[in-house]
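Chemist: The listed protein sequences derive, respectively, from chains A and B. Mapped onto numbering that gives the first Met the number 0, the consecutive letters of the first sequence carry residue numbers 0 to 269. Mapped onto numbering that gives the first Met the number 0, the consecutive letters of the second sequence carry residue numbers 0 to 213.
No wet-lab data here; the hints were simulated from the structure. Bear in mind the structure is a predicted one, so any value in this text is a computation, not a measurement. Idealized CB from N, CA, C, for every residue including glycine. Do not take every clue at face value.
Said to hold, decoys possible - To give a feel for the contact side, a few chain B residues facing chain A, derived at Cβ under 7 Å:
1. P74
2. T104
3. Q110
4. R111
5. V112
6. L116
7. M121
8. L183
Claimed, not checked - A few chain A positions that, by computed beta-carbon distances, are all more than 10 Å from chain B:
9. R11
10. A33
11. V38
12. D52
13. S63
14. V70
15. T78
16. N117
17. S119
18. N149
19. G228
20. E232
21. Q239
22. S250
23. N261
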Amino acid sequence: MKSALSQLSFARPRTLEEALTLLRDEPLVPIAGATDLYVGLNFGTLKAQRFLDITRLEELRGISVTGDRLVIGAGTTYTTIMHSASVRAHWPILADAASQVGGVQIQNRGTLGGNVANASPAGDTLPVLAVADAILQLRSAQSQRAVPFNSFYTGYRQTVLRPDELIVSIELPMVEGKQWFRKVGTRAAQAISKLVMAAVRTEAPRIALGSVAPTPLRLRRTEAALAGGSSIEDAIGVLQTEITPIDDLRSSEAYRRAVAGNLLRRFWAS
Amino acid sequence: MHDPDAPDSDESPHRLTRRGFLTQAGMAGVASVAAAMPLVGAAEAAPVPEAPDIPGTVPVALRINGTTHRIRIDPRATLLDTLRETVHLTGTKKGCDHGQCGACTVHVNGQRVNSCLRLALMHEGDDITTIEGIGVPEALHPMQAAFVAHDGYQCGYCTSGQIMSAVALLKEPCGPSDADVKELMSGNICRCGAYPNIVAAIQQVRGNTRVSEG
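Could you build all of it, start to finish, from the sequences and the hints given here?
Modeler: Shown next, in the form of structure tokens:
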């Protein structure tokens with residue numbers, strides 16, 4: 000434990016209303032699975048010292064189908080998602096993504112809302128939410144608003160979430176067409192992705208990539224090229240202009256560019 | 000390798016453990032330093048308080064292996080550090096301390112979690128089970144016995160985490176093949192490479208004794 004801060008406060012509300020009131024009155028960092036948070040605390044990169052434990056909030060848990068949408072509580076764990084019949088029926092690639100996050104110990108605790116709020120460009124479920132045109136329901140003590148997932152991120156680890164707001168649910172509108180998902184990592188399990196792609200094959204194909212830009216990225220121009228009848232090689236050319244991968248400890252820009260093109264080719268040939 | 004935290008096999012009531020020895024030697028060191036300082040009175044130096052009320056600590060009641068422990072901890076303390084350093088249940092091991100190796104695996108309400116990624120305070124009211132809670136040398140859990148029978152370890156450091164994951168796996172949806180077992184055990188790393196024997200032990204307990212690709 001390398002965090003130098005000795006005064007840490009820790010609130011454990013029982014209801015969503017209580018949690019939102021606490022958030023309104025003082026700056027607190029919400030924690031649920033804590034699977035990313037504690038890594039930051041251990042490495043000394045997390046300066047926060049006042050936390051709001053939202054794991055007890057029943058209002059944030061559960062999966063339902065409402066009209067044409069699959070609605071997932073922000074506090075729902077990867078384990079629940081990957082075994083959910085509703086998820087497997089409507090958004091099977093979300094179940095695939097959840098099953099590739101960490102090991103079972105992580106899946107039992109990590110939550111979908113946490114993956115979204117943590118705002119890592121490498122989050123495994125995020126390209127799925129991008130191609131789903133998911134809608135995030137945000138609540139504060141005073142208000143509720145719906146924010147499209149694809150306008151939630153404003154930059155690297157930056158979001159439009161206000162300090163007094165919680166993500167309460169994630170809604171995925173149903174979609175026709177074949178869904179496709181690939182995570183590329185150092186090994187099959189327990190590795191942060193070097194690259195992750197989610198796609199839906201419809202008349203207007205939807206394609207999103209993780210780990211190729213400061214935020215999860217929807218490839219609108221590549222989609223348009225494929226929808227307009229471009230060859231796959233031309234579409235890969237467009238893709239290369241949309242992504243801005245970097246060299247880091249997990250991979251290199253050159254590798255990510257090559258693999259991104261290969262993934263698009265595989266998806267289109269599938 | 001001998002587990003540095005395991006008690007010696009000597010059955011005498013005053014058996015010496017490495018941990019107990021180090022703890023006592025440390026306290027003796029404090030006492031002798033205090034005695035050598037002329038300004039500190041013997042009456043002040045001698046008693047070492049059992050559980051000093053350290054500023055900044057908070058009370059918590061944790062139910063571990065069926066027993067409720069009322070303790071004071073630093074609010075930042077992980078469940079792992081609390082188990083080992085405060086409750087002195089040292090069967091749970093610290094490997095990477097950031098959720099990659101699985102050595103610290105325990106059960107919370109029957110589900111396996113990495114105790115290094117949990118704040119202990121988040122678990123008031125939960126049922127926590129550690130390796131000490133699933134079997135004892137005189138009455139091993141079938142999974143512990145299978146690990147012994149199949150040599151499911153070499154140095155033994157990852158073993159308690161492997162066994163806690165394996166015991167949890169018995170109640171999880173898992174296909175019959177060795178590959179299915181490997182997938183669900185992917186959160187536990189063994190640097191000695193005892194994987195084939197670990198899979199064999201788990202498959203024996205599951206009743207799938209077929210040995211496959213290896």
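Chemist: Work down the list of hints and note, for each, if the structure agrees.
Modeler: Checked hints:
1. Taken as an interface hint, P74/B checks out: its beta carbon lies about 4 Å from the nearest beta carbon of chain A, inside 7 Å.
2. For T104/B, the interface hint holds, the least distance from its beta-carbon to any beta-carbon of chain A being 6 Å, beneath 7 Å.
3. Here the hint on Q110/B is kept, as its CB sits about 5 Å from the closest CB of chain A, short of 7 Å.
4. Proximity of R111/B to chain A holds as hinted, the smallest CB-CB distance being about 5 Å (cut-off 7 Å).
5. Because the smallest distance between the Cβ of V112/B and any Cβ of chain A comes to about 5 Å, under 7 Å, the interface hint for this residue holds.
6. The interface hint given for L116/B is met, as the beta carbon of that residue sits about 5 Å from the closest beta carbon of chain A, less than 7 Å.
7. Satisfaction of the interface hint for M121/B is found here, the shortest Cβ-Cβ separation to chain A being roughly 5 Å, below the 7 Å cut-off.
8. Contact between L183/B and chain A, as hinted, is supported at the beta carbon level, the nearest pair being about 6 Å apart and thus within 7 Å.
9. Consistency note on R11/A: stated as away from chain B, yet its beta-carbon is not over 10 Å from all of that chain's, at 8 Å minimum.
10. In this structure A33/A is not separated from chain B by more than 10 Å, as the shortest Cβ-Cβ distance comes to only about 6 Å.
11. For V38/A, the non-interface assignment is contradicted: its Cβ lies about 5 Å from the closest Cβ of chain B, within the 10 Å cut-off.
12. Listed as outside the interface, D52/A is inconsistent with that label: its C-beta sits roughly 5 Å from the nearest C-beta of chain B, within the 10 Å cut-off.
13. Every CB of chain B is more than 10 Å from the CB of S63/A (nearest about 22 Å), matching its label as outside the interface.
14. Separation of V70/A from chain B is adequate, the least Cβ-Cβ distance of about 24 Å exceeding the 10 Å criterion.
15. Once the 10 Å rule is applied to beta carbons, T78/A is inconsistent with being away from chain B; the minimum gap is 8 Å.
16. Look at N117/A: its CB is around 13 Å from the nearest CB on chain B, clear of 10 Å, so calling it non-interface holds up.
17. The beta carbon of S119/A sits about 14 Å from the closest Cβ of chain B, which is more than 10 Å, so the claim that it is off the interface holds.
18. A cut-off of 10 Å between C-beta atoms confirms that N149/A is not in contact with chain B; the least separation is 29 Å.
19. Residue placement check: G228/A keeps its beta carbon more than 10 Å from all beta carbons of chain B (closest about 40 Å).
20. Chain B leaves E232/A outside its interface by the beta-carbon criterion, the shortest separation being 36 Å against a cut-off of 10 Å.
21. With a cut of 10 Å on Cβ distances, Q239/A stays outside the contact zone with chain B, its closest approach being about 33 Å.
22. For S250/A, the requirement that its beta carbon stay farther than 10 Å from each beta carbon of chain B is met, with the minimum near 18 Å.
23. Every CB of chain B lies more than 10 Å from the CB of N261/A, the least distance being 24 Å, so the non-interface label holds.
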